[in-house]
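J.: Here are the chains, one letter per residue:
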Amino acid sequence: MQETYLEGLPLFKDLTSEERAELEALFEPVSFETGEAIFEEGGPEEHLYVLTSGTVEVYKEVFPDRWYRLAIVEAPAVVGEIGLVSEPPAVATVTAKEPVEARCLPDKIFLEKLDAGSEAAYKVAYEIGRTLAERMAHTNECIAKVVAQFEESEPKRDFDVFRDKLMQEWSF
Amino acid sequence: MEGKETRDVGFFKFLSEEERAEFARVVEHTIFEPGEILIEEGGEPAGLLVLMSGQVEVNKRVPGRSDRLLAVLEPANGRAIVGERGLLSDSEASATVRAKGTVEAVKVPRERFRAMIRGGHPVAYKLAYHIARILAERVARLDEEVVEIAREIERRGETDLDAFRDKLLTEWTI
Numbered sequence: 017m018q019e020t021y022l023e024g025l026p027l028f029k030d031l032t033s034e035e036r037a038e039l040e041a042l043f044e045p046v047s048f049e050t051g052e053a054i055f056e057e058g059g060p061e062e063h064l065y066v067l068t069s070g071t072v073e074v075y076k077e078v079f080p081d082r083w084y085r086l087a088i089v090e091a092p093a094v095v096g097e098i099g100l101v102s103e104p105p106a107v108a109t110v111t112a113k114e115p116v117e118a119r120c121l122p123d124k125i126f127l128e129k130l131d132a133g134s135e136a137a138y139k140v141a142y143e144i145g146r147t148l149a150e151r152m153a154h155t156n157e158c159i160a161k162v163v164a165q166f167e168e169s170e171p172k173r174d175f176d177v178f179r180d181k182l183m184q185e186w187s188f
Numbered sequence: 037m038e039g040k041e042t043r044d045v046g047f048f049k050f051l052s053e054e055e056r057a058e059f060a061r062v063v064e065h066t067i068f069e070p071g072e073i074l075i076e077e078g079g080e081p082a083g084l085l086v087l088m089s090g091q092v093e094v095n096k097r098v099p100g101r102s103d104r105l106l107a108v109l110e111p112a113n114g115r116a117i118v119g120e121r122g123l124l125s126d127s128e129a130s131a132t133v134r135a136k137g138t139v140e141a142v143k144v145p146r147e148r149f150r151a152m153i154r155g156g157h158p159v160a161y162k163l164a165y166h167i168a169r170i171l172a173e174r175v176a177r178l179d180e181e182v183v184e185i186a187r188e189i190e191r192r193g194e195t196d197l198d199a200f201r202d203k204l205l206t207e208w209t210i
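Note that the protein sequences, when read in sequence, are chains A and B. The first sequence: position 75 = 91 (the numbering used here), numbered continuously. The second sequence: position 18 = 54 (the numbering used here), numbered continuously.
It is possible that some hints are incorrect.
[Claimed, not checked] DEER-style ranges, computed between Cβ atoms:
no.: 1; chain 1: B; residue 1: Arg187; chain 2: A; residue 2: Glu62; range: 48 to 58 Å
no.: 2; chain 1: B; residue 1: Thr138; chain 2: A; residue 2: Ala87; range: 21 to 31 Å
no.: 3; chain 1: A; residue 1: Glu157; chain 2: B; residue 2: Arg154; range: 21 to 31 Å
no.: 4; chain 1: A; residue 1: Glu62; chain 2: B; residue 2: Gly78; range: 32 to 42 Å
no.: 5; chain 1: B; residue 1: Glu54; chain 2: A; residue 2: Glu114; range: 29 to 39 Å
[To be verified] These stretches of chain B come out as covered by chain A in the derived footprint (C-beta under 8 Å, 3 or more residues):
no.: 6; segment: 47-54
no.: 7; segment: 137-146
[As the list claims (entries may be wrong)] Result set (DSS-like, lysine-lysine): computed pairs, CA atoms no more than 27 Å apart in a straight line:
no.: 8; chain 1: A; residue 1: Lys161; chain 2: A; residue 2: Lys76
no.: 9; chain 1: B; residue 1: Lys49; chain 2: A; residue 2: Lys129
no.: 10; chain 1: A; residue 1: Lys76; chain 2: A; residue 2: Lys129
no.: 11; chain 1: A; residue 1: Lys161; chain 2: A; residue 2: Lys29
no.: 12; chain 1: B; residue 1: Lys49; chain 2: B; residue 2: Lys96
no.: 13; chain 1: B; residue 1: Lys143; chain 2: B; residue 2: Lys49
no.: 14; chain 1: A; residue 1: Lys124; chain 2: A; residue 2: Lys29
no.: 15; chain 1: B; residue 1: Lys143; chain 2: A; residue 2: Lys161
no.: 16; chain 1: B; residue 1: Lys136; chain 2: A; residue 2: Lys124
Since the hints were derived computationally from the structure, they do not count as laboratory data. Predicted model only: the values in this text are computed from it and were never measured. Heads up, the beta-carbon is just placed ideally off N, CA and C, and yes, glycines get one too.
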């Protein structure tokens, strides 16, 4: 039976049905128990996961032993896509909130497809770039708002250096 | 612009010689006079600009105040591209980039780039992938800066800054 779990996911929206089938053939089924980590902050992020059922939670250890929940992601969805275009370790922990069924694609295999000139892989990389660009735009605006509020409050001087660093990281 | 010049642009090193020659047909070699605007805040993204010589100033409008200078960029200090986000994103430019002196740049116009993507040109996809890697690195650094600020605020224990910290963490997108 032909699988179609990539259909309808924004990351794969520009792929033809043949291109989707080409990528789907590379994924392996995988499942996670409740509480099991899919990625661990600071650990490797070497796979792309397409969640086909279940829900995951995204956490970041902002303060020692204190995790902030950044998001809840419900299937159908993709996690780990940024790992396809970056070297650094995972920036957050992703754990299964309930039993999760997923399909898994090793980054290495995706990059081999990209090197071989696969149009399907190119289209996915382009879409990741667009996602990152939009996210950067959103983050820029959020930071601008926060910095504007910050500057109206006192005390502020000690934070100038951090604020300036933030500004320098902007992408325009 | 001649292919030879495109081959000399360091930013395009990740492309093969043939691919750079292909790009040479779509890029524009542009000179900006002092004070001229390369990218305007709130405007349509123009495309990717690779700075070849000269300096640019990046300014952000701050309501009720004079513009804030965010950065001065020049090829010599390692930051040689502007507008990379606008090449991929549909969002308006978030800052104004203005020539400080005479600036020489190579421009990849957004519409031509998008046409190449629609036409399935591998060279355009390679550029998109390269920019995605740059953006991923920058997003990761930015995230760490945001976390560092939150930690610093926590260390100070300023209760009146709690709202600020919480807002940062709420607004932060993963």
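J.: Does each hint hold? Answer for all of them.
T.: These are the hints, each one checked on the structure:
Between Arg187/B and Glu62/A, the C-beta spacing of about 28 Å breaks the proposed range 48 to 58 Å. Range check, Thr138/B to Ala87/A: about 46 Å between beta-carbon atoms, so the 21 to 31 Å window is missed. At roughly 28 Å, the beta carbons of Glu157/A and Arg154/B sit within the given window of 21 to 31 Å. Hint check: Glu62/A to Gly78/B, Cβ distance near 40 Å, so the stated range 32 to 42 Å holds.
Against the hinted window of 29 to 39 Å, the Cβ-Cβ separation of Glu54/B and Glu114/A comes to about 51 Å, which falls outside the hint. Given a C-beta distance limit of less than 8 Å, the hint that chain A covers the segment 47-54 of chain B is violated, as 0 residues qualify and 3 are needed. With 0 residues having a beta carbon nearer than 8 Å to a beta carbon of chain A, the segment 137-146 of chain B misses the requirement of three or more and the stated coverage is violated. Between Lys161/A and Lys76/A the CA atoms are separated by roughly 22 Å; this keeps the pair inside 27 Å, and the hint holds.
Distance hint between Lys49/B and Lys129/A is fulfilled; the C-alpha atoms sit about 21 Å from each other, no more than 27 Å. Under the criterion of a C-alpha separation no larger than 27 Å, the hint pairing Lys76/A with Lys129/A is inconsistent with the structure, at around 31 Å. Annotation: proposed proximity of Lys161/A to Lys29/A is violated, straight-line Cα distance about 32 Å (limit 27 Å). For the suggested pair Lys49/B and Lys96/B, the alpha carbons sit about 31 Å apart, so the restraint of at most 27 Å is broken.
Taking the CA atoms of Lys143/B and Lys49/B, the gap is about 16 Å. The hint holds against a cut of 27 Å. At roughly 22 Å between alpha-carbon atoms, Lys124/A and Lys29/A fall within 27 Å of each other, so this suggested pair holds. For the hint linking Lys143/B to Lys161/A, the alpha-carbon distance of about 31 Å lies beyond 27 Å, and the restraint is violated. The straight-line distance between the Cα atoms of Lys136/B and Lys124/A is roughly 44 Å, outside the 27 Å bound, and the hint therefore fails.
Comparing the model with each earlier hint shows violations of hints 1, 2, 5, 6, 7, 10, 11, 12, 15, 16; every other hint is respected.
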